[in-house]
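Asks: The primary structure of each chain is shown beneath.
Protein chains: 2
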Amino acid sequence: MKVDGQPYRTIWLSADGRSVSVIDQTLLPHVFKVVAWRTLEDVVAGIRNMVVRGAPLIGASAGYGIALAMSADPSDKAFEYAYQALFASRPTAANLRWALDRMRSVLLPLAPSERTSVAFATARNIADEDVANCSAIGEHGKALIQQAWDSVQRSRPVNILTHCNAGWLATVDWGTALAPIYKAFDTGIPVHVWVDETRPRNQGASLTAWELGHHGVPHTVIVDNAGGHIMQNGKVDLCIVGSDRTTAGGDVCNKIGTYLKALAAHDNQVPFYVALPVSTIDWTIEDGVKSIPIETRAPEEVTVISGLTSDGKVESVQLTPQGSAALNYAFDVTPRRFVTGLVTEFGVFPPLPEEMTKLREEAEKQR
Amino acid sequence: MKVDGQPYRTIWLSADGRSVSVIDQTLLPHVFKVVAWRTLEDVVAGIRNMVVRGAPLIGASAGYGIALAMSADPSDKAFEYAYQALFASRPTAANLRWALDRMRSVLLPLAPSERTSVAFATARNIADEDVANCSAIGEHGKALIQQAWDSVQRSRPVNILTHCNAGWLATVDWGTALAPIYKAFDTGIPVHVWVDETRPRNQGASLTAWELGHHGVPHTVIVDNAGGHIMQNGKVDLCIVGSDRTTAGGDVCNKIGTYLKALAAHDNQVPFYVALPVSTIDWTIEDGVKSIPIETRAPEEVTVISGLTSDGKVESVQLTPQGSAALNYAFDVTPRRFVTGLVTEFGVFPPLPEEMTKLREEAEKQR
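Residue numbers (our numbering), protein chains in the order written: chain A, 2 to 368; chain B, 2 to 368.
Simulated from the structure, these hints should not be mistaken for laboratory data.
Be a bit skeptical, because a hint or two may be false.
Put simply, identical chains are the same to the list, so a pair is met inside one copy or across any two.
[To be verified] Cross-link-like lysine to any residue pairs, in silico, SDA-like; alpha carbons within 20 Å at most:
(1) Lys236 x Glu42
(2) Lys236 x Arg298
(3) Lys34 x Ala16
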């Protein structure tokens with residue numbers, strides 16, 4: 002998407018053809034900076050330190066990490082070292098192992114002398130396929146925004162609420178939840194986005210607000226507490242969020258607080274859509290509340306926050322009194338009965354048994 | 002309640018008998034400081050700058066403000082000047098006009114020479130009556146916590162979720178939503194409180210966590226996003242919140258985000274109680290969503306936050322990117338169908354027509 006008029010992806014081969022460029026997401030929203038990765042070690046550190054984040058982007062980064070490793074030493078031993086180093090950089094990221102296994106199956110049968118160029122090409126394919134998936138999610142979701150616009154006789158912008166960041170910064174381009182919004186905006190459908198700040202890590206207030214703002218999409222940041230009130234008062238036409246993991250039954254595990262927004266949408270007859278690539282569906286489990294373990298993260302993410310001081314420094318401040326404990330659940334599960342539809346690269350599927358079966362068949366056909 | 006073992010109210014006549022002591026709430030939770038008000042001007046500035054906040058405490062403060070004014074000049078003219086100055090200090094605070102009118106009706110019939118001592122006594126009565134109301138709310142609410150404890154066979158602490166600060170800091174003592182918790186704790190019922198941080202002003206993470214911690218009540222701070230998840234997983238036995246304004250029908254206007262917690266409680270069969278003095282019920286309106294206007298406050302409350310730096314300074318930092326707008330609704334309305342009961346000084350009343358009529362009759366009887 003665009004940053005002040007200039008098109009960007011989150012990761013690309015640099016003009017020198019030998020290094021990989023990424024946007025340093027740890028500095029957003031206050032500083033926009035592109036950094037170059039020249040070695041395997043740069044990529045491992047970048048993934049570990051969350052210079053890049055979001056499962057699809059981590060997958061593409063791992064692909065390029067292997068390519069940089071191969072350009073230094075294309076031996077089997079160097080490959081295995083790179084595989085292990087990258088895998089250990091963020092072991093819970095779902096796409097990481099998938100991307101590494103793909104690189105292995107493509108590269109190891111080749112003679113070492115051929116590996117570097119094929120590795121760069123394969124990493125590029127991983128990135129391009131993610132862009133194509135997100136673009137398809139965007140097209141299917143755009144149709145829903147178009148319907149919402151038509152249903153208000155095109156008299157005013159369509160108001161869309163989103164939670165966390167499932168935008169292009171979490172993928173290679175387009176994003177998942179934000180892809181439909183960019184597609185609608187780019188084709189002239191007037192949209193306005195309510196951006197949940199998304200405590201504790203504030204990915205909404207920082208990343209989503211930043212990317213919408215720099216692409217030019219009208220938006221307003223609200224605290225996570227406000228979504229119920231604005232839905233109750235007719236200020237939201239539809240919600241679109243992303244998903245970290247979706248069950249075979251259609252239960253959605255996503256950033257903490259998603260469930261509360263789904264409850265409010267349900268209580269006020271606001272459609273609640275979840276945008277996701279089918280690769281994030283876990284077909285082995287049905288009931289998300291029972292079967293998905295919810296990780297807790299460091300309490301300091303709740304008790305300490307960082308931002309920009311009036312003299313332009315990024316500083317952390319403590320919010321809670323000394324001695325008060327905090328608990329930090331990272332995700333929650335939204336039961337399928339509150340989900341209007343799953344917006345995938347294969348179309349929009351309500352989380353009903355027969356529809357989920359159809360979606361699974363589509364996904365298996367294309368594999 | 003206690004601060005590290007020492008009993009406190011939020012406002013009291015100082016030992017010198019001529020000044021009024023209050024806890025400076027603008028410095029909490031990082032600094033605990035008692036300041037003395039010696040003049041009308043001190044009180045006006047203290048109310049305006051939110052050294053004191055919460056409707057009952059503002060009412061008591063206004064009473065003492067009149068008393069300080071009378072001790073300097075007990076004339077009719079000085080009374081009217083003080084009345085206007087105090088009223089203008091926080092014109093939307095409901096109890097402010099009520100307390101000022103009460104002071105007027107008591108003082109103006111008296112000879113100026115008698116006014117000062119009666120003014121101090123009346124201010125003290127206003128404070129004492131608030132303490133008695135909150136204490137009664139606490140007793141009625143304690144019975145609900147006792148029931149919850151009994152229903153888990155006294156096998157573990159009762160888990161209670163609260164939103165914002167409806168504690169003793171918002172009143173003269175005990176608080177409203179927290180009064181039942183203090184009463185239960187003080188009589189040995191084991192409790193654990195989930196404290197919503199309550200963005201954007203973070204009254205939960207700062208004031209509620211501070212007062213529970215210093216009284217010794219076990220508690221854990223969570224982000225506002227987490228309440229749904231913990232209710233869905235059986236970690237909350239009941240919710241208790243306060244109310245800024247309740248309708249004759251039982252709809253509850255309270256801090257933004259209350260409605261989302263009520264939805265989650267409803268979806269998970271968790272009882273949702275609202276603690277309030279009947280003086281905050283507006284008997285002239287029925288439907289809160291339709292009839293209660295919701296104020297918006299400065300967007301900077303969303304985009305900028307303050308806390309303690311690692312070197313012990315209180316500093317403000319900006320959270321959002323340059324150019325992103327924010328909107329800041331201060332309250333929301335929880336429809337009565339999500340409210341299990343109103344916990345008042347007259348008992349617990351489910352928000353049903355016949356119960357609301359009974360409550361109104363009780364309130365009118367005692368007037």
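Asks: Determine for every hint whether it applies to the structure shown.
Replies: Hint-by-hint comparison with the structure:
In this assembly of identical chains, lysine 236 and glutamate 42 lie within 20 Å of each other by CA distance neither inside one copy nor across copies; the values are 48 Å within and 43 Å between. Only between protomers do lysine 236 and arginine 298 lie at most 20 Å apart by alpha-carbon distance; the minimum there is 18 Å, versus 33 Å within a single protomer. With identical chains, the CA atoms of lysine 34 and alanine 16 are at most 20 Å apart within one copy only, with a shortest distance of 16 Å there and 60 Å across copies.
When held up to the earlier numbered hints, the structure conflicts with hint 1 and nothing else.
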